[in-house]
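**Q** Generate the whole structure from the sequences, applying the supplied hints.
Number of protein chains: 2
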Amino acid sequence: MLTRIDHIGIACRNLDETVRFYRETYGFEVTHEEVNEEQGVREAMLRINGTDDGKASYLQLLEPIREDSPVAKFLARNGEGVHHIAFGTDDVAGAAAVIGGRGVRVLDAAPRKGSMGSLITFLHPKDCGGVLTELVQANEDGAQH
Amino acid sequence: MLTRIDHIGIACRNLDETVRFYRETYGFEVTHEEVNEEQGVREAMLRINGTDDGKASYLQLLEPIREDSPVAKFLARNGEGVHHIAFGTDDVAGAAAVIGGRGVRVLDAAPRKGSMGSLITFLHPKDCGGVLTELVQANEDGAQH
Numbered sequence: 001m002l003t004r005i006d007h008i009g010i011a012c013r014n015l016d017e018t019v020r021f022y023r024e025t026y027g028f029e030v031t032h033e034e035v036n037e038e039q040g041v042r043e044a045m046l047r048i049n050g051t052d053d054g055k056a057s058y059l060q061l062l063e064p065i066r067e068d069s070p071v072a073k074f075l076a077r078n079g080e081g082v083h084h085i086a087f088g089t090d091d092v093a094g095a096a097a098v099i100g101g102r103g104v105r106v107l108d109a110a111p112r113k114g115s116m117g118s119l120i121t122f123l124h125p126k127d128c129g130g131v132l133t134e135l136v137q138a139n140e141d142g143a144q145h
Numbered sequence: 001m002l003t004r005i006d007h008i009g010i011a012c013r014n015l016d017e018t019v020r021f022y023r024e025t026y027g028f029e030v031t032h033e034e035v036n037e038e039q040g041v042r043e044a045m046l047r048i049n050g051t052d053d054g055k056a057s058y059l060q061l062l063e064p065i066r067e068d069s070p071v072a073k074f075l076a077r078n079g080e081g082v083h084h085i086a087f088g089t090d091d092v093a094g095a096a097a098v099i100g101g102r103g104v105r106v107l108d109a110a111p112r113k114g115s116m117g118s119l120i121t122f123l124h125p126k127d128c129g130g131v132l133t134e135l136v137q138a139n140e141d142g143a144q145h
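One line per chain: the protein sequences are A and B, in this order. So that you can map any letter, position 51 of the first sequence is 51 in full-length UniProt numbering, and since no number is skipped, the others follow by simple counting. So that you can map any letter, position 73 of the second sequence is 73 in full-length UniProt numbering, and since no number is skipped, the others follow by simple counting.
Each hint should be verified, as a subset may be incorrect.
Identical chains share a label here; the pair holds if one copy fits it or two copies do between them.
Using 20 Å as the maximum straight-line C-alpha spacing, the simulated SDA-like pairs for lysine to any residue come out as follows [unchecked claim]:
| id | residue 1 | residue 2 |
| --- | --- | --- |
| 1 | K126 | E17 |
| 2 | K55 | T3 |
| 3 | K73 | H124 |
| 4 | K113 | P70 |
| 5 | K113 | Q39 |
| 6 | K55 | Q39 |
| 7 | K113 | E34 |
| 8 | K126 | V19 |
It should be emphasised that the hints constitute simulated quantities derived from the structure, not laboratory data. Note that the structure is a prediction, hence the values are computed from the model and not measured.
**A** This is the structure:
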């Protein structure tokens, strides 16, 4: 059902500085950048490795673009750091239905748009041992690779 | 230098309950369990996917076994949740030397024992955008696979 660690989402105050840190310290390169207006973030995806389901694992660096975005609220409460983790699936709606049926609150009534044309949904962190958890169905046009 | 997301470390109060959550909710299975006396934790490794460097990505669930362990202090401050992230390398001492030379404080003078016979070192979270970051050199006897 879930076949990879799709990404680790990291909240930061300055995306350009954080991208520079990951590039200059570890050699990780930005695969993709975009603004997600719905979530109120500017983000960069850094591909770390390929995975044996034919996709890849990324770091997702997130900078809020408005003060009422969830990532802005996270930064105000916690400071910079890991914001969420995401598992990859080839059927996000199906996986969310199964997981919801196992007693975990699914935060989105229907999957919504994630990075690089993916479909995503979030699970309630209080039902997941304090871990904000996302499910990701990669865009099959290959942009996720 | 760093070729995979090796694991995501998650702090929990009850390892058995948390293992059960990950198994029953997502179908993830425990690959390995051990006690790390030095770090004061009981831990379970759940293999999520293979990686294109020939190794794998895991969740590492961590329960403190004494109150003065770093994970116990983390739980007291933050509650349950993501504790650290770890990148895999084939040379942890070399990678730590390079990264230390780029201005990040390396928390261990020499690599120490990690999960499944690996060698590990930690980087200071204040130098890594609030993210406690670990470097992992897998045990080459194949236990990491």
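**Q** Take the hints in turn and mark each one as holding or not.
**A** Going down the list of hints, with the structure as the test:
In this homomeric assembly, K126 and E17 come within 20 Å of each other (Cα to Cα) only across copies, at 14 Å, whereas the closest approach inside a single copy is 31 Å. Taking identical chains as interchangeable, the C-alpha atoms of K55 and T3 lie at most 20 Å apart whether they share a chain (9 Å) or sit on different chains (15 Å). When the C-alpha separation of K73 and H124 is checked against a cutoff of 20 Å, the pair qualifies only within one copy, where the shortest distance is 16 Å, while the shortest distance between copies is 24 Å. Taking the closest pair of Cα atoms, K113 and P70 come within 20 Å of each other only inside a single copy of the chain (16 Å); across copies the shortest separation is 37 Å, beyond that limit.
When the C-alpha separation of K113 and Q39 is checked against a cutoff of 20 Å, the pair qualifies only within one copy, where the shortest distance is 10 Å, while the shortest distance between copies is 40 Å. For a Cα distance limit of 20 Å, the shortest separation of K55 from Q39 qualifies neither inside one copy, at 24 Å, nor across copies, at 34 Å. For the homomeric pair K113 and E34, the shortest alpha-carbon distance inside one copy (12 Å) is at most 20 Å, but the shortest distance between copies (39 Å) is not. In this homomeric assembly, K126 and V19 come within 20 Å of each other (Cα to Cα) only across copies, at 16 Å, whereas the closest approach inside a single copy is 30 Å.
The earlier numbered hint that this structure contradicts is number 6, and it is the only one.
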